[in-house]
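Protein chains: 2
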Amino acid sequence: MATERVDNLAGERRKAEFDVEAMKIVWAGSKHDLDVSDRIARLVASDPVFGKDTRTTLDRKELFKNTLRKVAHAWKQINELRLTEEEASRLRFYIDQPAYVDLHWGMFLPAIKGQGTEEQQAKWLPLAYKMQIIGCYAQTELGHGSNVQGLETTATFDPQTDEFIIHSPTLTSSKWWPGGLGKVSTHAVVYARLIVDGKDYGVNGFIVQLRSLDDHSPLPGITVGDIGMKFGNGAYNSMDNGVLTFDNVRIPRDQMLMRVAKVTREGKYVPSDVPRQILYGTMVYVRQGIVSDASIALSRAVTIATRYSAVRRQFGSQNGGPETKVIDYKTQQSRLFPLLATAYAYRFVSEWLSSLYTDVTQRLQANDFSVLPEAHACTAGLKSLTTSITADGIEECRKLCGGHGYLCSSGLPELFAVYVPTCTYEGDNVVLQLQVARFLVKTVAQLGSGEPLVGTTAYMGRAEHLLQCKSSVQNPEDWLNPDVVLEAFESRAFRMSVDCAKNLAKFSKPKEGFSELSADLVEAAIAHCQLIVVSKFIDKLKQDIPGAGVKQQLEILCSIYALHLLHKHAGEFLSTGSLTSKQVALANDILRSLYSKLRPNAIALVDSFNYTDHFLGSVLGRYDGNVYPKLYEEAWKDPLNETVVPEGYHEFVRPILKQHLRMARL
Amino acid sequence: MATERVDNLAGERRKAEFDVEAMKIVWAGSKHDLDVSDRIARLVASDPVFGKDTRTTLDRKELFKNTLRKVAHAWKQINELRLTEEEASRLRFYIDQPAYVDLHWGMFLPAIKGQGTEEQQAKWLPLAYKMQIIGCYAQTELGHGSNVQGLETTATFDPQTDEFIIHSPTLTSSKWWPGGLGKVSTHAVVYARLIVDGKDYGVNGFIVQLRSLDDHSPLPGITVGDIGMKFGNGAYNSMDNGVLTFDNVRIPRDQMLMRVAKVTREGKYVPSDVPRQILYGTMVYVRQGIVSDASIALSRAVTIATRYSAVRRQFGSQNGGPETKVIDYKTQQSRLFPLLATAYAYRFVSEWLSSLYTDVTQRLQANDFSVLPEAHACTAGLKSLTTSITADGIEECRKLCGGHGYLCSSGLPELFAVYVPTCTYEGDNVVLQLQVARFLVKTVAQLGSGEPLVGTTAYMGRAEHLLQCKSSVQNPEDWLNPDVVLEAFESRAFRMSVDCAKNLAKFSKPKEGFSELSADLVEAAIAHCQLIVVSKFIDKLKQDIPGAGVKQQLEILCSIYALHLLHKHAGEFLSTGSLTSKQVALANDILRSLYSKLRPNAIALVDSFNYTDHFLGSVLGRYDGNVYPKLYEEAWKDPLNETVVPEGYHEFVRPILKQHLRMARL
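As they're listed, the protein sequences go chains A and B. For the first sequence, the numbering used here assigns the number 757 to the initial residue and increments by one for each residue that follows. For the second sequence, the numbering used here assigns the number 757 to the initial residue and increments by one for each residue that follows.
Chain A extracted, bound-state conformation (with noise of 0.2 Å):
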């Protein structure tokens, strides 16, 4: 970037109180994770096959033969490069745009490597490696998507032939959603009910292929296409999700996924001795990675509206001078710093998630469940609580960039449309919290039973004095001791926790109870979950963090994380009595002059996540502020402006405004 002409930041970037360098090795992980980034992320940049200017202008098949061309060019470059599995994974990652590959590599790969037998790997694997088949993963229906339980595929084991028959005996029961699934994938991981002899033993999966490998055309009995037009210009209509259904299609037994149980040739089910746990690991795996890419998708938006606010003025000019930065005003800076602090805090709770699943799979494999319910909710929770913030964050970003931000050249529009699924797929994010809801509940009623209280639940050992504590906090400065603000969340949730346990006491039917309270459970569940990610970024503050000033700056990040957060869900501390008035008062006081500490660090501290400017995809957030000459660049290149009278206008305008409409053809 240094190379850039034009910096209208510059004043901004020297303005900065620490290491900017140093910054980027804490946010990218390690050094190394920097440098892939780096380069990876440059070459992408500099390609123009990777190009995104057009991408909103483009119609359906435009946009998706684009596509198509950019993951045959990424898999070019992949093999003539020699990429690394890690850098071919970051080259999919830059290129932005949601592909086919992407279900290919993240779920058709792991669901063979998780539920696939050592001999199914040994066939399967290769040639999906090699691409000589393409993969998708055929789970959610027309109608169900929660509840993984209810689907109505069938897969009915045929004793005469050995064989399966995949069928959709519904319309409810088409496939419907998965990705890869509409123009392009050969094959699918098929999730369907395991019916032999009659007897329903649940939904297993199956490895069916769905097209011809000689004219891609689909095979006998298998009807499939694209579901249509989804939210956005571009954003994820570059995908080929897809509707799928099946007439009695025929495929051989071994293709049943056959990890933890199997049907013999003679037809008998007959569970192995893995057990079903294994596969949450892959959950936990999954939901990991989405609290990372949450933190990666609103650090983005908040580079983008970062550097705007510091582009752009608005009142304020005094004596004819230059209007204020919108950046300097309390208002922006009340929304935008938190959500800054947030994609921090985020990255740092996803790391820690990294390290858990890390922990649960060396577990598993030691054949020790103990910990899994916890990680589970764990990461169900933050899955829920990370994705919510984040849809939210990148909207609140676009209006934080006024108008412009509505402007496809913002970035913003797009970013926003391609991210908002994440708050339904891989769990919707109600249904995430009522489980978390339900093992805090449980938790809270085997205290004192001597069960052991493990990770993120430790807190509630201490369930007296969490219960009886009151804060010590009598001046604002007392809220940027890390020990305080944990206490006042610990205190919050557990107290929500216990609050739920004894009003659903008060029914007679468990069940009911839950039901009935079920609101209340969920923000028990999210006051526990933005408790685990502020313990965890105290917890990063406790390490050896290298960098000029760096520290410095995380810890006015986490302490106004933590206290825009206490500022906004002020009834539940005040309603549990966690605190008083006076002292959400005094965080309300503290977080003022927190944001003001930022303020010259706001530029540099979104430059640490080092992001391109073919990444950012936005005018407004461009490196070099240059923000004016390029939007007005940018709007002549709109087809509309390919001709200076529209097309439609002798048709449509004229007869109008010569009043000879009775005339024209309409």
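If you're looking for bench data, these hints aren't it; they were derived computationally from the structure. Every value quoted in this text rests on a predicted model; they were computed, and no experiment measured them. It is possible that some hints are incorrect.
No distinction is drawn between identical chains; accordingly, a pair holds when it is met within one copy or between any pair of copies.
List time: in silico DSS-like cross-link candidates among lysine-lysine, alpha-carbon distance up to 25 Å [stated by the list, open to error]: (1) Lys1262 to Lys1307; (2) Lys1307 to Lys787; (3) Lys1081 to Lys1338; (4) Lys821 to Lys1393; (5) Lys955 to Lys869; (6) Lys1386 to Lys817.
Once you've looked at the hints, dock chain B against the given chain A.
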């Protein structure tokens, strides 16, 4: 609708406990309004030219041409069917596609009416009414949105030729955003700084011809075009928001809008008898329309989410029976029903705003400006509150529809994309609340000074009581008493304003204090605006409302509206000491039981909006609830499904599968 054959929601409709036809009249405002709306909505729905089905798959140019076609057809219909002005306006509304005519009728004409002299009106209005000219409203510039006084375009009087020279001195002075400007308008009301004899008289309006009436080409000195793609697929991309620069364009002196001030032949600037405040009347008018539109947009999204929630089933199947309708889950109810109540609340507050406008207009005509500051603050605040909540509410409704809400065929992505600019245009929502806050703080400062408290600030007259009162709530049912609710909202709002005033007093420079505390000030302003909405809903219930059960339903909705706000902003009610934790918890208890009461009426309450399927434009929100077959049918219409093998397969997919990549041209 009675002729629909399928009615999956018939069972829901039978459960209704009130007279739906009577409620339709309440929602529409009168029997006459209902009849007109109903007739015109059906007219539009039955006309194939006005079809919306393929809208999201059209590229920009096709979409734009399609819009021109609809506008011309509408104009033809309006003339042929001799529609009244009211009917014509309804017709444009139900076409439901942003178009240049919106600005012609909604901004260009009113600007001339409001700011033109009688002679100017006599000259220009007939041309505009007959659409012999088409106009737009060119105010916003690339560098200047909220701060109208900062506009840079100049209009310099040339006494030699008796002309104004309209000029764009900088890039940032380019007009940017005006709808209808980009490709269609022949004329514009242009806002520019009036310069006479070297003196800057501030921003004034000028009528400027932009394009030739012969061949539609831009006139000399004028550069004009479209500013490019905006959020969403169809959405506002049917509108030619434009960019416009002037290179010393000359217009006759009499094209300055001279109602409040004129420039004489001799080059003298002369203010007229008409006070400038008269212009604020227009602002009140435009903003009350925005509040009314908010209730419509929100009710539309709520209709879709409510109907689909009564169709969608997930989990809870017992003994193989059907799963539970998602509308029966308390988590769904606690998100959906408050939005339903909010739609009604906004409807009634907009009805009241409309009467306020009539009152203000009459007073202005009688040179009584006393109510203007209050009316201005009130409409600014309500514009801000209702549009923010509506934008978020539409997105919440989309999420309430799960994955399928992400499909364009759900109608919700487009509704969101087309709605969100409302949060920014006609006053950025945060800037507006700061204006309200300024007014509130001033009002508090004048308490006891004898200044009369008008309109929505009258409650502040009971200052002492509101600062001391303790809510009498002891049982959940106490919250059903409107007086109790009102007092809690008044106490909270007033105490927040007073707290702000107190904190401001601590600063030696008021301006600095206002800036530093602006985030708190915005919260106080919102509390005040919420109080207005609650109080107008309560006022509405004091009126005579005919129809079996209608008033009872509205009472439930009113309670839900108020109490969900109380729950959401519990921190403010608690920290101001307006309520105790116990009272807040009781409000939450009664809220749950209100959801249960509302549940059987939910479908009938959205039926009462009387929206056609055409207007809703949503497969999920269909009147007949026949969702799944239609979703399936809709999918196949996507352009990607025109061929079984997608374009680009041979070039970009097959080479990967066949490992022929190196040979392919990529």
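What label fits Lys1386 with Lys817 when the C-alpha limit is 25 Å: within, between, both, or neither? Only across copies: Lys1386 and Lys817 sit 23 Å apart there, 28 Å inside one copy, limit 25 Å.
Homo-oligomer pair classification [Lys1307, Lys1262; C-alpha up to 25 Å]: Classified as neither; 48 Å inside a copy, 33 Å across copies.
How do Lys821 and Lys1393 come out at 25 Å by Cα distance, when the copy is not named: within, between, both, or neither? Both ways: Lys821 and Lys1393 sit 21 Å apart in one copy and 18 Å across, limit 25 Å.
I want to check one pair: Lys955 and Lys869. Are their C-alpha atoms no more than 25 Å apart within a copy, between two copies, both, or neither? neither (27 Å within a copy, 77 Å between copies)
Up to 25 Å between alpha-carbons, please classify Lys1307 paired with Lys787: within, between, both or neither. within (17 Å within a copy, 67 Å between copies)
Checking an output row: Lys1081 and Lys1338, CA cutoff 25 Å. Within, between, both or neither? neither (33 Å within a copy, 45 Å between copies)
Comparing the model with each numbered hint stated earlier shows that hints 1, 3, 5 do not hold.
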